[in-house]
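Chemist: Below, each chain spelled out in residue letters.
Number of protein chains: 6
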Amino acid sequence: MKKLVIGLPKGSLQESTYALFKKAGFTIKGGSRSYFPSIDDEEIEIRILRSQEMSRYVEHGMLDAGITGLDWIAANGSDVVDLCSLVYSKQSKRPVRWVLAVPNNSDIKTVKDLEGKKIATEGVGIVERYLKENGVKAEVEFSWGATEVKVPDFVDAIVDITETGSSLRANNLKIIDTLMESYTKFFCSKDAWADEWKKQKLEKIALLLKAALDAADKVLLKLNVEEKNLEAVKGLLPALHSPTVNKLTDNGWYAIETVVDESVVREIIPELKNSGAEGIIEISLNKVVA
Amino acid sequence: MKKLVIGLPKGSLQESTYALFKKAGFTIKGGSRSYFPSIDDEEIEIRILRSQEMSRYVEHGMLDAGITGLDWIAANGSDVVDLCSLVYSKQSKRPVRWVLAVPNNSDIKTVKDLEGKKIATEGVGIVERYLKENGVKAEVEFSWGATEVKVPDFVDAIVDITETGSSLRANNLKIIDTLMESYTKFFCSKDAWADEWKKQKLEKIALLLKAALDAADKVLLKLNVEEKNLEAVKGLLPALHSPTVNKLTDNGWYAIETVVDESVVREIIPELKNSGAEGIIEISLNKVVA
Amino acid sequence: MKKLVIGLPKGSLQESTYALFKKAGFTIKGGSRSYFPSIDDEEIEIRILRSQEMSRYVEHGMLDAGITGLDWIAANGSDVVDLCSLVYSKQSKRPVRWVLAVPNNSDIKTVKDLEGKKIATEGVGIVERYLKENGVKAEVEFSWGATEVKVPDFVDAIVDITETGSSLRANNLKIIDTLMESYTKFFCSKDAWADEWKKQKLEKIALLLKAALDAADKVLLKLNVEEKNLEAVKGLLPALHSPTVNKLTDNGWYAIETVVDESVVREIIPELKNSGAEGIIEISLNKVVA
Amino acid sequence: MKKLVIGLPKGSLQESTYALFKKAGFTIKGGSRSYFPSIDDEEIEIRILRSQEMSRYVEHGMLDAGITGLDWIAANGSDVVDLCSLVYSKQSKRPVRWVLAVPNNSDIKTVKDLEGKKIATEGVGIVERYLKENGVKAEVEFSWGATEVKVPDFVDAIVDITETGSSLRANNLKIIDTLMESYTKFFCSKDAWADEWKKQKLEKIALLLKAALDAADKVLLKLNVEEKNLEAVKGLLPALHSPTVNKLTDNGWYAIETVVDESVVREIIPELKNSGAEGIIEISLNKVVA
Amino acid sequence: MKKLVIGLPKGSLQESTYALFKKAGFTIKGGSRSYFPSIDDEEIEIRILRSQEMSRYVEHGMLDAGITGLDWIAANGSDVVDLCSLVYSKQSKRPVRWVLAVPNNSDIKTVKDLEGKKIATEGVGIVERYLKENGVKAEVEFSWGATEVKVPDFVDAIVDITETGSSLRANNLKIIDTLMESYTKFFCSKDAWADEWKKQKLEKIALLLKAALDAADKVLLKLNVEEKNLEAVKGLLPALHSPTVNKLTDNGWYAIETVVDESVVREIIPELKNSGAEGIIEISLNKVVA
Amino acid sequence: MKKLVIGLPKGSLQESTYALFKKAGFTIKGGSRSYFPSIDDEEIEIRILRSQEMSRYVEHGMLDAGITGLDWIAANGSDVVDLCSLVYSKQSKRPVRWVLAVPNNSDIKTVKDLEGKKIATEGVGIVERYLKENGVKAEVEFSWGATEVKVPDFVDAIVDITETGSSLRANNLKIIDTLMESYTKFFCSKDAWADEWKKQKLEKIALLLKAALDAADKVLLKLNVEEKNLEAVKGLLPALHSPTVNKLTDNGWYAIETVVDESVVREIIPELKNSGAEGIIEISLNKVVA
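Chains as they are written, first to last, in full-length UniProt numbering: chain A, 1 to 290; chain B, 1 to 290; chain C, 1 to 290; chain D, 1 to 290; chain E, 1 to 290; chain F, 1 to 290.
Hints listed in this document are in silico derivations from the structure and should not be mistaken for laboratory results.
Backbone N, C-alpha and C fix where the C-beta goes; we use that ideal spot for every residue, glycine too.
Hints are not guaranteed to be accurate.
[Stated by the list, open to error] Listing some non-contacts, in silico: residues in chain B with all C-beta distances to chain E over 10 Å:
1. D41
2. Q52
3. L86
4. L236
5. R266
[Stated by the list, open to error] Rough simulated footprint, nothing fancy, chain D against chain E, three-plus residues with beta-carbon under 8 Å:
6. 14 to 26
7. 198 to 208
8. 211 to 220
9. 242 to 248
10. 283 to 289
Build the full structure now, drawing on both the sequences and the hints.
Modeler: This is how it looks when you write it as structure tokens:
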């Protein structure tokens, strides 16, 4: 039997990745400690790996596809095929950023001031490329963790991952440049993409993962409206997807249903009511394919 | 930008209040320890306060609106505008009561027997008003907690909050009068109500909070039925909201859907089936606006 | 008032049983330690009992009905009326099995080799019947637990409950026969079945329990399709239940909705999209009555 | 190498048994789920078993020695050699009792009234012997647990284990007879006792277990006293073990130290101080051998 | 039997109070939720009360003695007899303080600037006395909690309890005066002190509580030393309590033991070793009576 | 004020390091998340760092001293001064080892067979030195974790840390060589060692840390013996440290006390009793300086 080998990231993303696959229709079993979890699809094999190493093993063909951050793909300089971005939830829609940070009172103002300095980072590859692009020579030191507490005692500057910058501020650091932004990516090797069976399988999985992710931020709205109010009500609904409108059998009313972003519901429900809509209900969705 | 400042109650109601706002479409962030949580609506500002103090600060205009129990509004004698009652769940639909309790073997039978006695309570204001209304003079002592264990050793009677009375019974106390019943209230100051922008914003929020609360106890029932059974099936559905009936395209069947109280489903599903309904399904709801 | 007394199993099944009744429309309260929990139906009384004893007390009329495994009904040899099987979830659809196991290196190959040997088991009744059917005489010893670690030091063979066999393998045991397979059963006494009021009540409860269980593995799919693609799309949907098809009011499109097994969704959504379906959404269900 | 195989009880006693062996000088490793834990003495092998089965396997020679309750030894009627009693702590010095209990309003007043009745119990052997001794014929039914909630609905009386009787009282039961009292026992088989090497090893282990248990309730008191107060102070110390008295080198004072029951310390320290003792200190003990 | 009724504080001090009584020789049972725990001394009865109310009930004779903070005794203005201070551990040796705090940027610099302002506090009695002593008139408002977040939005200043001031600083407040410092106190009523039996019992309990508290910060040091080094070594030991010196039987050495503050051990052990001391050991203590 | 800056390891060792310092007399506060915890000695400053980086920052003078494994000192090739080994407990007395491991069925038998292969490890420095010493050329790949699951799919061999080898065996790997053994080390920089004040401070700390560690495995034995049995009893005590023998004042008995390894107590207590020793007690120790 043909098999597709997919690498999933160990650690903070692991639980949400399992939950996403579950919503997409694939049940992964094996606990957070197993590196060889099982999946209820005989054509797929799962391996658990550190995010940092994922793209290296996909590029070299030990895995067909993987999920990891765009940052670590870049840090490894891996040549792989992008399948789709996976933004797990509203909260994390803000991308993580790799930033250059120095103490609030540092003399270092721009990347140019790093000449001859010492920089600690978990992403040595990302920083070395950045320095080269800027024509700066500096010592880049691999940091095993807690990078933000190393300035100013141990190094002059750091390059670290941040979402909101609050941990940096709490350590009296200021951001002076952003090296890159990063999203979670589902990607595959060039060889897998060239194999028709694998390509189709990967596209199906990507479609289902996206359908599950999209559903997290959308809801189904249903409502009834009399003919005289029909156009007013339709006018309030987001234009993106035209609503399903259905004339009811016995009373001159219309049933409308439409999928909308959850974030607009609190605005339009009061307006729909004011425009004559009745029986307005909101329902959660598992998957949405536009 | 105009701002509406809303006070939410600290403590046992806090988590359910956050969940209710979430269902209504507003995400509050900041952990249970923060007194200044953020909310994803730039027109609203949240403050966390003790239930006991809420109405005082709304009345005096430091807050535009607040959520707290009717009892504490009464205890403070606050002059505020009622927006709506918020009954968080089936379980707590039973109102909390402020009751006068004495030991099972006490000679105190009615409020009149309190003359000259000592009473412990967390709601000194409520008790003093009650005594005055009944023309009784007694010593009212503020209790910092565990009021029910203070009789008979420390005081002659207590006025305490109870839902089922079980804690009182467990301490060998009997209830001899009920001073008031209380529900959770969403309310605002008279000044906020007089400000047109604030009034409209408050009404929208109240509508959405109610829509989320109502949805907790209701479900959507869908079913198909042949024309010959249509009237019988419709006769089984609660009369309150007329169901949406739709003749299907190709086969002489009708699709019916209707929102019903979850509590009646277990009664009507067997009857619907007996009357010829097919493909009966029940779906949860996030919001319901009748 | 007439009452139906139902026994529910203590232990690993208890929480899932309460959850199932909740989904079916009955709220049981009283914590995992109470043996007399309350239920929000005045016609029902709940008793909590060990699975092993349930059928004995139903047969003898102390309970009207009960939930326990088919295995313990068999172990007790109880003469009761089967109402329905309750398979709580996809994961446990695999039945538990009572198997005869011996050490990997044992000389015992078949049941016949047990002659004169010592066997430990929690289900003495099941094993004694099995030996008798096979015309074998052996010593059957009641095991209070941890049966699988008693071979070979304490006994020659064991009869134990297993789902996947992994615990047996981990103890270097091999399975040489299967005595029986077991599902969870909802069953009642013959007397209860003969009482018309109790019978109707039991049938209603069984219908609702089944409706809740069926909903766990099914979802509602909704989609829109143009007339030209209608037949192709319908051809992709499982034949079991014909979908609800509805011609929309204003544009030559059709709205289709159908309940499908969740397990097929990941296969058909990509195909539906390829065949021209739009606005495909998937919704969870609380109850399904076909 | 010669080996001594000791069975330790699974369940509520397991953790305290491990702790007792640790205090006695033996470290058992393997977690609460392992049935074959390791011990840091090559001459000992540990097996974990249910309390109920322990004495059966010791008597039959599969284990050399075991720890379990006297009650289960009696229930099995096992013929074994008593090494010592193990009372794990002050709290449980009160023995557990097997009692005959009936509903508060039952007509059953004495064992004689059980004639023809039904009794549920986990200790069928204990109850059958008791009935025989009293010349009573009754049906004894094995109870898998929660015995105390089976009267009066399922049986007429129960025989259950109790320490304080509070669980029985909470179920509206009264105790009408005590069948036996039980302590935890360390015991061995007759064969092990006849083997000189095993006997000596067992006696050493028993000595150390007792030394560790005795230390839990005793402390070392040290104090200094002038010659003039020496006799008065000595008179206050418990007579059981004569204190160690030592004349100090340089000042006419005496140092006294003595091991006393912790329970008397709160009485004698104030008196010692009043009698002129100085520098009184109390020290915990790991082991005490009188 | 004569009884002494002692009130112990509910809440954060409760667990450490139970532990202190345990170390002193009294076992209190009943869980953190019970208001009537049992104690293994028939002459004592325990009641659990809020710290804030304790002294009121002792003064009025409903309790003989109690444990609470000096601050709440002062807040209530209670006239009671001080038995001893109880400082539970090194960590909390720093007294709690009641401080007057205002926003960092407030114009209020001294108590005088409070004239006509609004102050929130949990200790209304303490603040009113303080204002009176300073001849200042201001509005004092009872705060139900989270007092530190009420400035500047709700009040002008607060009087709050603090140990390190960190919570105030985190809320951008500065301390401008200290109203009082507070320790935990064991105290009794004047009536109890006048009763000889109660007085003696209270003195015994106070002695034992102090002995247990003192032991927490002290250790026993033992060491051996040759005659030639004896004086040097003795010179290093704290002068407070003269050490116990004992000439050993057979070799011209001396054994020394002495109780010292744990905090000095790290200084003197290296010096003792340098001065010729051998076999230095340190032992924990349960109780110390100097 | 002069300051000594000490680095302590983040992670699994952190809690036991804090506990060790506590036993040695130094209280470190600041929670497991703080990188700048406080210590109750004004002459010391604590920094928390990853074990892997510690020796690098000590060598370069950013820290005066540190605690980390000998392995990471070696991996960094750091030139530092060894102060003492710290073996935290009996359990971990077994050193951790860096081993070369391959699949059970691999053709790689010795280090020589690694020529041209790919090796994954967390300790790239350790492996490169090892290969060089053996004259082997191979690709060494930094592993971010879970190294043991990378063979055979991703690499040919691994070098990993192990204590018992059980995790390797569970992954079907065999150990074919040991590169180094490692203990936890307390060490300092050459500059700190050359500074007389720092050197003395470091020696004091090392003495106290060792005293605390030694006490974990030792106990004080005390016993009384009559003159006639004195020599026999002394003969049973370990020869290492001569016991303290003291003739008692009044009765021809001798009191003996001696510090012994806890591991021998279970052997000698039975023998001591047999030889006439009485009143044998065992006491725990906080610190031992021989």
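Chemist: Starting from the hint list further up, note which numbers the structure goes against and sort them upward.
Modeler: 2
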